[in-house]
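Line by line, the protein sequences give chains A and B. With the first sequence counted from 1, adding 573 to any position gets you my numbering. With the second sequence counted from 1, adding 24 to any position gets you my numbering.
Among the hints, a few may not be true.
[Said to hold, decoys possible] List of simulated lysine to any residue pairs, SDA-like, C-alpha gap at most 25 angstroms: (1) LYS607/A <-> PRO298/B; (2) LYS706/A <-> PRO802/A; (3) LYS642/A <-> LEU283/B; (4) LYS642/A <-> PRO142/B; (5) LYS690/A <-> THR83/B; (6) LYS610/A <-> LEU156/B; (7) LYS690/A <-> TRP140/B; (8) LYS724/A <-> ASP143/B; (9) LYS610/A <-> LEU293/B; (10) LYS816/A <-> ARG150/B; (11) LYS720/A <-> ILE139/B; (12) LYS642/A <-> ASP294/B; (13) LYS724/A <-> PRO298/B.
[Stated by the list, open to error] Output of the computed footprint for chain B on chain A, the stretches with three or more beta carbons under 8 angstroms from beta carbons of chain B: (14) 626-635; (15) 680-691.
[As the list claims (entries may be wrong)] Computed beta-carbon distance windows for the label pairs: (16) THR604/A <-> LEU295/B: 47 to 57 angstroms; (17) ILE179/B <-> LYS719/A: 55 to 65 angstroms; (18) LEU183/B <-> ARG666/A: 53 to 63 angstroms; (19) PRO615/A <-> VAL122/B: 49 to 59 angstroms; (20) LYS579/A <-> GLY159/B: 52 to 62 angstroms; (21) THR750/A <-> THR108/B: 47 to 57 angstroms.
It should be emphasised that the hints constitute simulated quantities derived from the structure, not laboratory data. Owing to the predicted nature of the structure, the values given are computational and were not obtained by experimental measurement. From the three backbone atoms N, C-alpha and C, an ideal C-beta is built for every residue, glycine too.
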Amino acid sequence: MGQIMKEKNISKIRGVVTNTGDLFGRVQGATFLKTLKEKNFPIEVLGHIEYPLGIQDLSAEVSKIKALKPDVLFPVARPGDAKLMTRELYKQRVPLQGIISPGSPGWYEPEFIRDMKALSDYVMDNVPWYNPKGKMYKEVNDAFSKKYPGKYIDTNSGYAYLGVLVIADALERAKSTKAEDIVAALRKTYLKHDLMVGGAVYFDERGDNVNADSAMIQIFGGSIKVVLPEKVAEVKYVHPMPKQLWERGM
Amino acid sequence: MNLTLLLQLAVSGFLLGGVYSLIALGLSLIFGVMRVINFAHGEMMVWGMYVAYTILLWTGVDPFFSFLVSAAILFILGYLLQRTVVNRILDFPEAMQVLPLVGMAMVFENSARIIWGPDYISPQSRFALSSLSLGSIMIDTPRLLAFSLAIIITIIVLLFLKKTDMGKSIRAAADNRTGALLVGTDVNKVYAVCFGIGTACVGAAGGLLVPLMPLSPHIGAPFTLISFIIVILGGMGSLTGAMVGGLIIGVAESIGPELITNIFHGVGLDLEFPHTMKQVVSFFILIVIMVLRPQGLFGGRKG
């Protein structure tokens, strides 16, 4: 966000944060708010709206967003509520410079893009993502797309594949099937890859993969592109959105 | 206090409340006549949604027309369910009536999952994204259409019950089952038709909801719950009560969190009433009504 604000010469963003009321949504929403405060980001949070998981009507929440007049909406959503929110933003004509998720699956799942079509364009999401410039990514994605036409590697399938590679690597180094040998090998893991954004897989003493990183993705014409960090970006990000949701001819 | 926001919330809630009323109408009708609570009500509504969605997908016919097909199919499903399952449990203790219908809810939910898949689906339909502007208030067109049709369907059901022979038989069987049997009424058939009408109402409501919310096999249960609240609030078995209860719950859930937050601020408390607790508003109203008028708003009268 800092880079976008700097490059676009934006001194301050007035935003509204929304999240689902489940554990994931609450933690993600609260962590985003905490980070903004700690890092002293020039983002003024006009409101924080939390709503129940599985909600079937977001008209009240979107009316409140509209009343707060934010520049940017920072939503943490799952596929159902992401669609519901997008449609309500359209119907209530909420003007926004951008929809930028601090990290949630609702905005990049294929079903969101399939159903929302042009309304999904320009949505940004900050997520662990594949490295589009990586050799390994290209090989794996080619094989994956050949086997499952129309599907592509994303956060879930990419990390699932990487997980199998980590286990295979540990088994080869352990040269044993004993649990303690495999755990010891896993602790010494240093697996270089360019499948996902981030560095080699390396676990700290808590077992966290400390070199994992996230990317900013954005939807263009129904396809997801990495826009940040620059070294792995496929295209340049677009901000503010050139057209409001209701101006997209749907 | 932002009056425009409150007015917007009241309008949106009122319109959605009309659809809630239609959903609850079916539950209330079934309970009023057979004294059975249809625990598969929400899941049957989801079937109504999927029928309208499938018609939209295959033929392009908008759910605002195909809801009639949803109602017809759900009538048949309801009729068959009554003849095969519900009729056998009518004289069972209430606790034992629950299990077969909860089982049917699972059957409906999981069969929908097998047929249509587990994903959320938001199909594009003609009116799904349209809205009208009334000054600073936006009126959601599909919500307005769904509300208007829900009111029309409710009036038709009320007229059917009052004016037709079958309607009179349903009311007679509801008043006195033994008496109806003694005068030669085929009570089993009357019950099946009544159950069918109840599920047709919820099927129609499902069709009307397709342009408003994403479909998924598991979204039925919360609608069963909200129907219960509405039916108890309006008075068990009262159709007018279901109508009024639906509107009250629709408005209360929409406007409640904002209104309560404004009250907090008005008395100098820096507190926000979270939207995650908007159903608490419904339950609070329910508790107040139960304390002040245990039979519900229209309980004791016949709808």
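Verification of the hints:
Straight-line distance between C-alpha atoms of LYS607/A and PRO298/B comes to about 19 angstroms, which keeps the hinted pair within the 25 angstroms bound. The hinted pair formed by LYS706/A and PRO802/A meets the criterion: a straight-line CA distance of about 12 angstroms does not exceed 25 angstroms. For the hint pairing LYS642/A with LEU283/B, the CA-to-CA distance comes to about 19 angstroms; that is within 25 angstroms, so the pair holds. At roughly 35 angstroms between alpha-carbon atoms, LYS642/A and PRO142/B are farther apart than 25 angstroms, so this suggested pair is violated.
For the suggested pair LYS690/A and THR83/B, the alpha carbons sit about 20 angstroms apart, so the restraint of at most 25 angstroms is met. Distance hint between LYS610/A and LEU156/B is unfulfilled; the C-alpha atoms sit about 39 angstroms from each other, more than 25 angstroms. Distance hint between LYS690/A and TRP140/B is fulfilled; the C-alpha atoms sit about 21 angstroms from each other, no more than 25 angstroms. For the proposed pair LYS724/A and ASP143/B, the alpha carbon gap of about 15 angstroms is at most 25 angstroms, so the pair holds.
In summary, the hint linking LYS610/A to LEU293/B is supported, as the alpha carbons are separated by about 23 angstroms, within the 25 angstroms threshold. Only pairs whose Cα atoms come within 25 angstroms are accepted, and LYS816/A paired with ARG150/B is accepted, the gap being roughly 21 angstroms. Among the hinted pairs, LYS720/A with ILE139/B is consistent with the structure: their alpha-carbon atoms are about 24 angstroms apart, no more than 25 angstroms. Restraint check: the Cα-Cα separation between LYS642/A and ASP294/B comes to about 21 angstroms, which is no more than 25 angstroms; the hinted pair holds.
A distance of roughly 38 angstroms separates the Cα atoms of LYS724/A and PRO298/B; the hinted pair therefore is violated under the 25 angstroms criterion. Coverage of the stretch 626-635 of chain A by chain B holds [criterion: at least 3 residues with CB-CB distance below 8 angstroms; count 6]. Chain B is given as covering the stretch 680-691 of chain A, and this holds because 4 residues of the stretch bring a CB closer than 8 angstroms to a CB of that chain, at least three being needed. For THR604/A and LEU295/B, the hinted distance range of 47 to 57 angstroms is not satisfied, since their beta carbons lie about 23 angstroms from each other.
About 58 angstroms separates the C-beta atoms of ILE179/B and LYS719/A, a value consistent with the hinted range of 55 to 65 angstroms. Taking the beta carbon of each, LEU183/B and ARG666/A are about 39 angstroms apart, not inside 53 to 63 angstroms as hinted. Distance hint for PRO615/A and VAL122/B: a CB-CB separation of about 56 angstroms, consistent with the stated range 49 to 59 angstroms. Distance hint check for LYS579/A and GLY159/B: the Cβ-Cβ separation is about 40 angstroms, which falls outside the suggested range of 52 to 62 angstroms.
Take THR750/A and THR108/B: their Cβ atoms lie about 54 angstroms apart, and the range 47 to 57 angstroms holds.
In summary, the numbered hints that this structure violates are 4, 6, 13, 16, 18, 20.
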